[in-house]
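From first to last, the protein sequence lines are chains R and X.
Taking our numbering, I'd label the letters of the first sequence as residues 1 to 109.
Taking our numbering, I'd label the letters of the second sequence as residues 1001 to 1116.
Because the hints were derived from the structure by calculation, they are not lab data.
Note that the structure is predicted; figures quoted are calculated from it, not measured.
A couple of the hints might just be wrong.
Each computed PhoX-like pair below joins lysine-lysine, with the alpha-carbon atoms no more than 25 Å apart [claimed, not checked]:
#1 Lys1019(X) to Lys1040(X)
#2 Lys22(R) to Lys9(R)
#3 Lys96(R) to Lys1036(X)
#4 Lys15(R) to Lys73(R)
#5 Lys73(R) to Lys22(R)
#6 Lys1019(X) to Lys22(R)
#7 Lys73(R) to Lys9(R)
#8 Lys1036(X) to Lys22(R)
#9 Lys57(R) to Lys22(R)
#10 Lys65(R) to Lys15(R)
#11 Lys1040(X) to Lys9(R)
#12 Lys9(R) to Lys1041(X)
#13 Lys96(R) to Lys9(R)
#14 Lys1022(X) to Lys22(R)
#15 Lys73(R) to Lys57(R)
#16 Lys1052(X) to Lys1036(X)
#17 Lys96(R) to Lys1052(X)
#18 Lys1036(X) to Lys1022(X)
#19 Lys1052(X) to Lys1018(X)
#20 Lys96(R) to Lys1041(X)
#21 Lys96(R) to Lys65(R)
#22 Lys96(R) to Lys1040(X)
#23 Lys1022(X) to Lys1052(X)
#24 Lys1052(X) to Lys1019(X)
#25 Lys96(R) to Lys22(R)
#26 Lys65(R) to Lys22(R)
#27 Lys1041(X) to Lys1022(X)
#28 Lys1036(X) to Lys1019(X)
#29 Lys9(R) to Lys1036(X)
#30 Lys1041(X) to Lys1019(X)
#31 Lys1022(X) to Lys96(R)
#32 Lys96(R) to Lys15(R)
#33 Lys1052(X) to Lys1040(X)
Spelled out from the first residue to the last, the chains are:
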Amino acid sequence: AQRVTQPEKLLSVFKGAPVELKCNYSYSGSPELFWYVQYSRQRLQLLLRHISRESIKGFTADLNKGETSFHLKKPFAQEEDSAMYYCALSGHGYNKLIFGAGTRLAVHP
Amino acid sequence: ETGVTQTPRHLVMGMTNKKSLKCEQHLGHNAMYWYKQSAKKPLELMFVYNFKEQTENNSVPSRFSPECPNSSHLFLHLHTLQPEDSALYLCASSQALAGGSTDTQYFGPGTRLTVL
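Chain X with its partners taken away, still in its complex shape (with noise of 0.2 Å):
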């Protein structure tokens, strides 16, 4: 499959469990990324990556843990999740480039996460 893939696509999950969410990219990109898209806000992005490095946390609470073993792969580890936490989550990635201009980013089709 080409582009960004997510999976699962959708997940319910409660309160007490740990569950993660995968990201794959197979565009040859260097940096990935985590948002969050809920209906109250607007798309809000959690975590950066540029080369395996986490270079972004906007403040996100720490039951959400990102994890990116290369570049062409991004986890979100969830644990102990709330309820105010079931939003779209979506995944993108582009061409970390070096001083210039930001690049385009290609988001996958993303995961509805519902905390019950």
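So here's chain R without its partners, still in its complex pose (with noise of 0.2 Å):
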């Protein structure tokens, strides 16, 4: 079964701490794993996909098959971070996203 889980439900740092916030997934194929943050008062949105392999607002996150985990990372966090967090899972070639509970990011200053 497809599965996504984010442990913490919520994830409180100081300004300038390192952030991680984690992801594990169940797939039995090749997955497809997104980040997706709303901030407060705002719609969802996608912040990075595995296969962009790109830094956003800082954030980077690297699959990782045999750990079947795809931890969201941050060397330095800033106060406009903060927000609510989903990972996501889709299999490849397939239009639909399966989402984690989330982790909601509080960074205080």
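Take each chain as given, in its own frame, and dock them per the hints.
Written out as structure tokens, the structure is:
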């Protein structure tokens, strides 16, 4: 079965501290992984996807097939990073996303 | 207006009412989606439409009835709902890519539904 697990409901850090939002997945084929973000009073939007191998707003995520993980990392958190972050999985070639429960990141001054 | 729009933004209905949620995308996409977001569960995919054809029904109760008259519009018709159906209903759209990668989904702001 396809499943995405985000073990932390809330991650609270101070400004300038490193951040790692965990995501583990269960999928038997070749997955495509995404991170979506929802800032306060804004709509859900794509942050990054593993096939792009980009760094967006200082965030990176590496797909680790051995550990079935796609953790989101940023070396120095900023207050404006405070938001709800969702990890999502899609089977290759399928137009549907399976979302994790989300992790709320709170960055304190 | 650009992007994905949803109306109404808020809806309160009784269990015997019939109402409809509307979604419109201005991005030229050919795939549209309905998701349910409730406090107790992760974001749940409900329906997928590719080129106006329904390609996914994620075991959604029949009291939810989707309609996709064209690639730009998606409706969710509601009837005889239950209080546990109260949630935020999100619409999204994307390009449907044949046999390739899953394209980015663009979300609307959602309709906050309360069933009394």
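Note to self: Hint compliance check: list the failing hint numbers for this structure, sorted ascending.
What the structure shows: Hints 6, 10, 14, 32 and 33 not satisfied by this model.
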